[in-house]
Amino acid sequence: MSSQLLRFEDWTAPVPAVRREVLSALPHPDEKNPPLLFVPGLGHGAWAFREHWLGHAASRGFSAYALSPRAAGSLRAYVHDVVQVAAGLPRQTVLIGHGVGALVVSHALARYPAKAAVLAAPVLDGWPALGAALRTNPFGTLPAFFGGGLGLSRKQLYSPGCTYERKLTREPTAVYRSVLTASRPAAPVGSPPMLVVGSPDDKIVTRKALDRTAARFGGAPLLFPGMGHDLMLDTDWQEPIDAVIDWLEKELLA
Amino acid sequence: MQDTPDIADRHDAVCVIGAGASGLATIKSLREQGFSVDCYERETSVGGAWNWRHDRSPVYSTAHLVSSRPLTEFPDFPMPDDWPDYPHHSQLLGYLERYSEHFGLRDDIWFGTEVVSVTPAGDGRWDVTTRSVGGGAERVQRYAAVIAANGHNWAPKPFTVDTSEFRGRVMHASAYKDPAQLRGRKVLVIGGGNTGCDIAVEAAQQAEKVWHSTRRGYWFAPKYLFGRPADQMLPPRLPLRFRQKLYRWMVRLTAGDLTRYGLPAPDHRPYESHPVVNSQLAYYLGHGRITAVGDVASMEGSTVELSDGKRIEPDLVITATGYLPRFEFLAPELLDVDEDGRPDLHLHAFARRHPTLAVIGLLQPDAGLLPLAHWQSVAVARWLRLRIDDPAKAAAVQQKESVRPVRSWSRLRVVPSSRHWFEVGHTDYLRAVEDLLKHMEPAS
Ligand SMILES: Cc1cc2nc3c(=O)[nH]c(=O)nc-3n(C[C@H](O)[C@H](O)[C@H](O)COP(=O)(O)OP(=O)(O)OC[C@H]3O[C@@H](n4cnc5c(N)ncnc54)[C@H](O)[C@@H]3O)c2cc1C
Ligand SMILES: NC(=O)c1ccc[n+]([C@@H]2O[C@H](COP(=O)([O-])OP(=O)(O)OC[C@H]3O[C@@H](n4cnc5c(N)ncnc54)[C@H](OP(=O)(O)O)[C@@H]3O)[C@@H](O)[C@H]2O)c1
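Going down the list, the sequences are from chains X and D. Each residue of the first sequence is one higher than the one before, starting from 1 at the first, in the UniProt record's numbering. Each residue of the second sequence is one higher than the one before, starting from 1 at the first, in the UniProt record's numbering.
Next up, chain D with everything else stripped away, as it sits in the complex:
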């Protein structure tokens, strides 16, 4: 039998899991509400996904933001205004490093430490088991609350076609790092999200031949419209229906009708699938550098057969199928995870039945994630403070909020694919958070 390790009681301290953008904002918000914080990060530095040198990072060397600077920066720590409209990923990492330096957040972070399990200890408190990544004994500590900011772009979504009999190389986009990997190859890119389109464009510049397989049509938004970042040109104040109209008009003006290149027409309205921002895809389709193809039916020997019966012979297949959110350290019922693996959280953040458990950053917004993660963390920190300062009011807020379904604040209809259940319109989302913050305000 194993020894049960001693449980170190951290009393009122809060545990934060992950030191990416969301975790950093959470440490700061918790501190501003007077909490002691222990943040655990399995990598050796801050930045999460943007730390592209970490083996696991989903970011590739040439990635630039898809959301423009003012819609991506933290609302209380702007990026330098002389930075480009769409900064390079290394700038985003530098920005997050400066953020953590500026607010002294590193003092609260335990690097190279992975959270392996989080279990309720009764009374709303949690036992958090951590392990040093380099190996070593597990440690259990007890916390007043746990905030998971572990990111959702780590576990590659499996590709559903059997590739075992295929002779060419098959890799998920998460393993794609550098355009050199494409040079001179015959490449098939699968997936029409931002990753798939970025890689298809890069392949158009590097590879001998490029096929791009998508299983539906999308609204490819341009990066610029009339010389301004396109996301700054769509008035966010307008109701969704009008913005959808404008979006169609914008796409018509820029990429135009892509069906003449063999792409399917979108089977949904703008904003009903996660926005794909790419001005160059249409350009390379038009230059014949990218050939649009449909869904892949089978892969065998040196041949890939497409759903329309066409056969192609790529030697490198990159599956850009996206990622699945994972919470391996939490029992599924704690987050009300359904049979499809989707947590049901109030505002995609608050565990409905565990007031001291929350998730930050589990959103797919139509704008930058950082501002939303910031306000989520502010709301969670104020919520935890309210529970201590005014338990009666906290109980009232919880009773009202915890049962609100997602539909109560989001009117977005989304494509029923596995990736869209946490797609949000950023203005709808911020309004809902603002509403919650107002409910929690102390009576004056």
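Just chain X, same shape as in the assembly:
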């Protein structure tokens, strides 16, 4: 693990600034709750949270923001962007990452003392996820090994009766490589309370991976059976976000 104190790379080759796409939904009146920052995984953008979760979080009194990954990014750049946006919000922020976005969040937590963190259907270790992807969607996944970018299919992401397949974007293989080869994140700073949520029927994140991730952060995952990987786009999208906010409200009182 590289040193958290000696950040040679950041000192001599800082991540270049870009214009970031941040979508938001704000409550009226502002309830002085900590803001929520949603971080999508690969293939997705901030739009994935605008569908349901942003508005719903706002209706429950939380300002909600979602950040799109930058074009031609890397894990380092994504983490940089998350920390930049979080630090730019008026109050200590709750980071909520989905899929590979949860991996980005787990790294961002070592760089920013979040108020709390939620890892939803987290892809923290790329290899098992890639294995699962190969099993469900060999033709979308294989090209990724040869530089063709990774394709995600309806079957992988959604429960029957729900699809956003046409909105998904293909990321260059280099991006996947930077994610797959990422070293383990350093411990979160400021020891934020953490929650892992997912579905036992997720075709990308196996139940075992969910348990492992939850155990690493000291708990058991909150499970939503029957849902696909894209919890925020599923027909039952409201259940997980309500559970997350209930948990958060409890943690904030503590």
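If you are wondering where the hints come from, they were derived from the structure by calculation, not from laboratory data. Hints may be right or wrong, so weigh each one.
[As the list claims (entries may be wrong)] Calculated cross-link-like contacts (lysine to aspartate or glutamate; reagent style DMTMM-like; alpha-carbon spacing at most 25 Å):
(1) D/Lys438 - X/Asp236
(2) X/Lys32 - D/Glu32
(3) D/Lys223 - X/Asp10
(4) D/Lys223 - X/Glu9
Using the hints provided, position chain D with the ligands relative to the given structure of chain X.
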């Protein structure tokens, strides 16, 4: 006889003195370790030195950072990446205000309240006497620990030449606020630190005539090298000797040999005196807008006599002699202050004989101060936590650490002037703090 005021016991709470960058980071780190905090700040808002509107602030209206953004920001709260490489001082103040807002630090700060004395109450606890700046009664409260983050750029270093018979105006740089003060004047600036050089450059743009007096030569680093902030171009991973070589080479490439303008050659190697970052000084020397002169010997009537016998007639003299660290609220022996007034603290932070007393921000790094102050505060907060959670381990850590001399982690040789005893190389320093943090990690 005076009444002894009642002592309010704040139990396990920690007292922080000052709400500048260092104090703010300290409040946050202590909170993260579960401590209640009372921070006292004599001004009415956060920001410390960067709050240039406060009468006492050493910052002048045109000041920009000398350390570039990535080397200056807090490691867990970056400055916006679309900010300039060298932000203006008002941006730094805005940044510190946002930091305290973001983490809700203001809730723990008592503004307009000065700490007047801190005395040991036995058992490692401290009695802290505070007074409202507006006047009013003193109050004494008892704390489990005290962290001084009072800054070291407040007490102007006295100028040693007698100025009482001089007819022109003499002021210390701390009273210099705005270039308008220089307009049309004949100005002598004394001191070759960052302040002296900044003011000399400003005077070159505003004043009728400018002399710049330095008592030795310095390595004037440029702000940019090959279009990139120069401090990002010197690989910090390299050993000091190589960095010194690169530094010489960088200075040769940019400012070049300044002795032809009458400046003395440096009498020390790069990094052995606090880095001066100024690209414009050489430029204005070359344009004849600044005249380099030597040390001042005497000042009388309208004349200033220099050590080489030359006489000049400035009407405004600005002494940019720097500042002296001061801890008026603490008895000197608590910080092991030597006869020259220098505290002897482990890592320039931990009182060697008082495990519940520490100082944050008492450093002169070759990079931004904020990252170092942040990690100091993390180490101090974890140390205080360890004392409570694992006293046996804490005792072992203290036994080992408290006697380590500065030499054990810093190989820097420095110019023997009154300002350099707390000069540190930022990578050496961070390595030493990292080492301490590792020692304090709970066994897993
Ligand atoms: C002109 C100038 C330019 C600088 N440029 C840079 C730069 O480019 N990069 C960099 O990293 N650093 C720079 N510095 C150094 C600067 O001092 C630090 O960046 C930083 O401001 C230090 O913060 P601090 O909290 O340690 O001290 P301060 O900012 O001095 O804060 C100390 C606080 O403690 C309060 N206080 C003191 N005594 C008491 C008391 N008894 N009771 C209650 N409150 C008290 C003071 O009012 C103040 O608010 C510069 C300094 C100056 C003067
Ligand atoms: N733009 C910026 O970001 C900026 C601007 C200003 C200051 N700063 C920071 O603020 C701090 C203070 O800087 P500073 O420049 O005010 O002070 P400084 O670094 O202490 O420099 C003081 C200068 O005055 C000289 N001097 C001291 N006493 C003298 C005397 N009696 N007679 C003649 N010369 C004397 C010193 O010479 P010696 O070399 O012999 O000691 C030195 O050249 C530093 O950390 C600095 O980096 C930053």
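Hints that the structure is at odds with (numbers, increasing): Going through the list in order, the structure violates hint 1 alone and respects the others.
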